[in-house]
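Chain by chain, the residues:
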Amino acid sequence: MTPGDTIFDIGSPGRRASAQYPAAGDVSDLPTSCLRTQPPGLPEVSELQAVRHYTNLSARNFSIDTQFYPLGSCTMKYNPRGAHRAASLPGFSNRHPLAPASASQGFLACLHDLQETLKQVTGMAAVSLTPMAGAQGEFAGVAMIRAWHDARGDAGRREILVPTAAHGTNPATAVMCGYQVREVAVAEDGDVDVAALKEALGERTAGIMLTNPSTCGVFERRIREIADAVHTAGGLLYYDGANLNAILGNVRPGDMGFDVLHMNLHKTFATPHGGGGPGSGPVGVAERLVPHLPTPFVVRDGDAYRWVEGDEMPGSIGRLSAFMGNAGILLRALAYARMLGREGMRRVAEYATLNANYLMARLADAGFELAYPERRASHEFIITFRNEAKTLGVTAMDFAKRLLDFGFHAPTTYFPLLVPECFLIEPTETETKAELDAFVDAMVRIRAEAEADPERVRTAPHTLPVSRLDDVKAARELDLTHVRSPT
Amino acid sequence: MLARIGVTSIDALFDEIEPALKTADFSEIDDGVDEMTMLAEMASRARRDETGPCFTGAGCYDHHIPAAVWDIAARGEFMTAYTPYQAEASQGTLQLIYEYQTMITALTALTVSNASVYDGGSALGEAVLMAVRANRRHPSMKTDGPRRVAVAGACHPHYVDAAATITRNQGIELVSTGTSGGRASLDALADMTGERAPVAVVVQQPNFFGLMEPVDEIADWASANGALVIAVVNPTSLAILRPPGEWGANGADIACGDGQPLGIPMASGGPSFGFMCTRESHVRQLPGRLVGRTVDRDNRPGFTLTLQAREQHIRRGKARSNICTNQGLLVTAATIYLAMMGPTGLARIATRCHERTRELLRTLVGIEGVATRFGGPFFHEQVIDVGQDADRVAGDLAARGIVGGLPLGRYFPELRDCLLVCATEKRTDDDIARFGDALEQVLHG
Amino acid sequence: MNDVTSDMPADIPDDVRYAPSHEWARLDDDLVTVGISDFAQQSLGDVVFVELPEVNDEVHAGSEACVVESVKAAADVYAPVSGTVVAVNDALEDAPETVNQDPYGDGWFFKVEPTDLDELDDLLDADSYGQHCESEGDED
Chain A
1 MTPGDTIFDI GSPGRRASAQ YPAAGDVSDL PTSCLRTQPP GLPEVSELQA
51 VRHYTNLSAR NFSIDTQFYP LGSCTMKYNP RGAHRAASLP GFSNRHPLAP
101 ASASQGFLAC LHDLQETLKQ VTGMAAVSLT PMAGAQGEFA GVAMIRAWHD
151 ARGDAGRREI LVPTAAHGTN PATAVMCGYQ VREVAVAEDG DVDVAALKEA
201 LGERTAGIML TNPSTCGVFE RRIREIADAV HTAGGLLYYD GANLNAILGN
251 VRPGDMGFDV LHMNLHKTFA TPHGGGGPGS GPVGVAERLV PHLPTPFVVR
301 DGDAYRWVEG DEMPGSIGRL SAFMGNAGIL LRALAYARML GREGMRRVAE
351 YATLNANYLM ARLADAGFEL AYPERRASHE FIITFRNEAK TLGVTAMDFA
401 KRLLDFGFHA PTTYFPLLVP ECFLIEPTET ETKAELDAFV DAMVRIRAEA
451 EADPERVRTA PHTLPVSRLD DVKAARELDL THVRSPT
Chain B
1 MLARIGVTSI DALFDEIEPA LKTADFSEID DGVDEMTMLA EMASRARRDE
51 TGPCFTGAGC YDHHIPAAVW DIAARGEFMT AYTPYQAEAS QGTLQLIYEY
101 QTMITALTAL TVSNASVYDG GSALGEAVLM AVRANRRHPS MKTDGPRRVA
151 VAGACHPHYV DAAATITRNQ GIELVSTGTS GGRASLDALA DMTGERAPVA
201 VVVQQPNFFG LMEPVDEIAD WASANGALVI AVVNPTSLAI LRPPGEWGAN
251 GADIACGDGQ PLGIPMASGG PSFGFMCTRE SHVRQLPGRL VGRTVDRDNR
301 PGFTLTLQAR EQHIRRGKAR SNICTNQGLL VTAATIYLAM MGPTGLARIA
351 TRCHERTREL LRTLVGIEGV ATRFGGPFFH EQVIDVGQDA DRVAGDLAAR
401 GIVGGLPLGR YFPELRDCLL VCATEKRTDD DIARFGDALE QVLHG
Chain C
1 MNDVTSDMPA DIPDDVRYAP SHEWARLDDD LVTVGISDFA QQSLGDVVFV
51 ELPEVNDEVH AGSEACVVES VKAAADVYAP VSGTVVAVND ALEDAPETVN
101 QDPYGDGWFF KVEPTDLDEL DDLLDADSYG QHCESEGDED
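Residue numbers (this note's numbering), protein chains in the order written: chain A, 1 to 487; chain B, 1 to 445; chain C, 1 to 140.
Worth flagging that the hints you see were computed from the coordinates, not collected in a lab.
Computed from a predicted model, the values in this text were never measured in an experiment.
It is possible that part of the hints are untrue.
Far from chain A, by Cβ distances over 10 angstroms, these chain B residues were calculated [to be verified]:
#1 Lys142
#2 Asp187
#3 Thr193
#4 Asn225
#5 Val365
#6 Arg373
#7 Asp385
Calculated pairs, DSS-like style, for lysine-lysine (alpha carbon to alpha carbon, straight line, at most 25 angstroms) [stated by the list, open to error]:
#8 C/Lys72 x A/Lys390
#9 B/Lys22 x A/Lys119
#10 C/Lys72 x B/Lys318
#11 C/Lys72 x A/Lys473
#12 C/Lys111 x B/Lys142
#13 B/Lys142 x B/Lys318
For every residue, glycine included, the Cβ atom is placed at its ideal position computed from N, Cα and C.
From just these sequences and the hints, can you work out the full model?
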């Protein structure tokens, strides 16, 4: 294909995928004022043209199925095909979301099993599966914190504390829930600065949002002290489940003192990322927040399962989407959990941690600078290229782009913001030692190249369908849709 | 590997975690099983939920999905890729989203589309937040009172609930105009002036009951009264219905809805995707990802995420939204679907759905005691009154293998005896006859 | 900010006053013109958009007045003095790069009719602002 040729460029007027045309229906009873005067400008191609075009486009992607993808904080592990098959069974994929519960007992039983499993994994009292992504789970969690304070008439609490290392969704979520964000410093060792935290706590504190292990790739060691301090101040603790993979089957957020959490099933429970979604972000809560759970969720009455909707839950924060959430992702997560079982879950965290610590040790031995050299890695860790940037003029972004040429997806770059020129590297448990070693070899070669021929690295990638793209032109001269040239 | 790290056991890698946290009891989680066993368990549950023909719509529709759609969309290169932050390694996904943005703006007759959000309900929530940001000169923005957003007519109650959840904590109040004859009450809208003037007006077309709303009058009233217009639309219908960009004299400002009808299985309602389109002048208020075309350093065309400074990973607490998802995989399916359908194919589907629904209604109203509740033009859904508790009727139909419409009493007590029914292009004469026979038995057994 | 792209020393003219948040203010004929400093535009990198205030907006010293956006960052621009906006630089809509090319001239953002001219005295002069920039640079 010619690079940049869109599906619109390859079509021609009147061409069609005729196998997809049912007989037309009569719409003469509709008033013409309701009807469109010009047909929409959709592509006009044959079925083969469409199939070939999109198959060729797929080849212009990196993916877990084709490349090592050590994106920190994203948990890009293998997505078992069996889980995909299970969710695609006809009884599930053809089920209408509003089919009566009496005709949906198989599906409801699956959701109930998943709710129970997630309760046990996290140590929480109840789970609602309805949030459609991590950010929506965060929203639900913070909205529940607000509902709890409001229900107690404690309306003066208007601040949510967020560590400076936190992902941008945390402050964005707090603001969507009508809160002000107060940032808390992170200490030199990567843990939250507990003294600064205690200083920030007070009558205005509604709660704190924490990730543990944190986005610095380390376990927050004083978590129970933090929990006690926040609770004493009258606030609640929110657990961002972004890094749950690091402790799955070993340690539970509920035992650390968290009141509410979300999980990213598309990370920890291995459902595919799909090029940006779908995700799924169930929330779990301690007893006192149960009345505020988002609806709907599933309960078991005797032998039958049924939905709990808003009419039974006057304290609920409400509904988050048109139906019940990303059912297909929930079924995949259940299938994955069922195959892993208790021991398998424990091994997920152990092997993810082993792989991360091994890769960290090898990169340190090879001379790369660790952000937190005195610490164990959790399932991920940070290296910084601040020396390479200063002495060689080669940045973390340059290393990232050159890695693509070596067939590795780049790790997360420039996050967390407090470590300059950084990579956040998360190998996951599903990669082999050979793959990790090959990644280290590529990193070593790139640094040698950066010393001998820095321009080669600065202008990478060299082997992909396109070289570095002009972001400034993209933003200044917005071109967001294909405009057909006049014919 | 352990030796390289300098430890003798994996346990040692967890030595920064205090021992008291490592004693959790996971014994209630079962042992794992192999794939074959798992699939057998899941299949036995899935089989329990298999039904006969589906006549329920209400935001989720049983359309035919061409075989090629998921054969291509489920390729690992699409399904197991991450968000396309590394543009050079993601040209497939990025170009596809650019094509998607083009297709969805063609359907809505607006100029800008984002790369999608979660679903139709949450899209409406984001649209309401966006309208409030975009209409910052509205008089109510200078007061301490709530910012009112009017919901004109019969909008999907679940969409309104989701939007209320998402917007409630930002001082936004959704106010319904109520309905008359199943459509928006223009008189109630006309009363919303002065202190009650809305920042935006939401209208769904076709509406929740499947009926045509007077969208031109509503859009013109809104623009005369300083309110933005948010359209909630069904993408299949846009093959034949006048698009939001052409409503009234000025068109709608934001169009949103659910992309499920475009090649996505019903699958209990998710995942699907929400689409959002707007005018170019509001592009910076649009939440979510956007893909733009640009050039690379060798001047070749290429695609990249753009205007990212609006988003949470850069703007943090000042982002347009906390959203960091576009429903990439579902957008992939929908793009392939729309490419194969083209303008004529999609119009065939739309007209066929309308014709099938008319046929369904002819059959159902032939049953004693059954009547359509509302008159006037409809697209592919209608409300029928069955003269008995519709909740029970729907349960009895399900027992006969028919998913026979949505009982409306939960949402509208006065419609306790009513079912919202739908027929897509998939419903054959036999299916319709089966529904008719089953309903006859249930009502007059 | 991680992506400081230029090694050029920032230009700090002495005919304007500076806020620590990197806006400049120049008094001509009772009106105060506002823009961002050369140091600020270098730190941001290529400016792609400026979300200007509107004429007749009230602004308050130290409060957000508008937003300047580059590819990788969006920064709030704070009003250095309080008053009413009487003019905005519409030309930036089509040519945001002017902010990079001529930050103290054609790259101005808006003009304010100030309510309290004494507020100008609270701002930094060129020397103090230069020291302020140096100390921020050292933090990286």
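- [ ] Over 10 angstroms to the closest beta carbon of chain A is the bar; see if B/Arg373 clears it.
- [x] holds (18 angstroms)
TODO: Would you check whether the claim that B/Val365 is not at the interface survives, using Cβ distances to chain A and the 10 angstroms cut-off?
DONE: holds (15 angstroms)
Open item on the list: Would the hint linking C/Lys72 and A/Lys473 be met if the CA-CA limit is 25 angstroms?
Closed with: OK: C/Lys72 and A/Lys473 at ~13 angstroms, within 25 angstroms.
Open item on the list: For C/Lys72 and A/Lys390, compute the direct alpha-carbon distance and say whether it is at most 25 angstroms.
Closed with: Answer holds: C/Lys72 to A/Lys390 is near 20 angstroms, not above 25 angstroms.
TODO: Would you check whether the claim that B/Asp385 is not at the interface survives, using Cβ distances to chain A and the 10 angstroms cut-off?
DONE: Given a closest Cβ separation of 19 angstroms, the condition holds.
Task: Hinted pair B/Lys142 and B/Lys318, Cα distance within 25 angstroms - done: holds (20 angstroms)
Open item on the list: Holds or violated: C/Lys111 and B/Lys142, Cα atoms, limit 25 angstroms.
Closed with: holds (23 angstroms)
Task: Minimum Cβ distance from B/Asp187 to chain A greater than 10 angstroms, as the annotation requires - done: holds (21 angstroms)
TODO: For the pair supplied as a hint, C/Lys72 and B/Lys318, confirm whether the alpha-carbon distance does not exceed 25 angstroms.
DONE: holds (15 angstroms)
Task: Reported absence of B/Thr193 from the contact zone with chain A (all CB gaps over 10 angstroms) - done: holds (26 angstroms)
- [ ] Find the nearest Cβ of chain A to the Cβ of B/Lys142 and say whether that gap is larger than 10 angstroms.
- [x] holds (19 angstroms)
TODO: With 10 angstroms as the threshold, tell me whether B/Asn225 passes as away from chain A on beta-carbon distances.
DONE: B/Asn225 clear of chain A: closest Cβ-Cβ about 22 angstroms, beyond 10 angstroms.
In terms of the numbered hints stated before, the structure departs from none.
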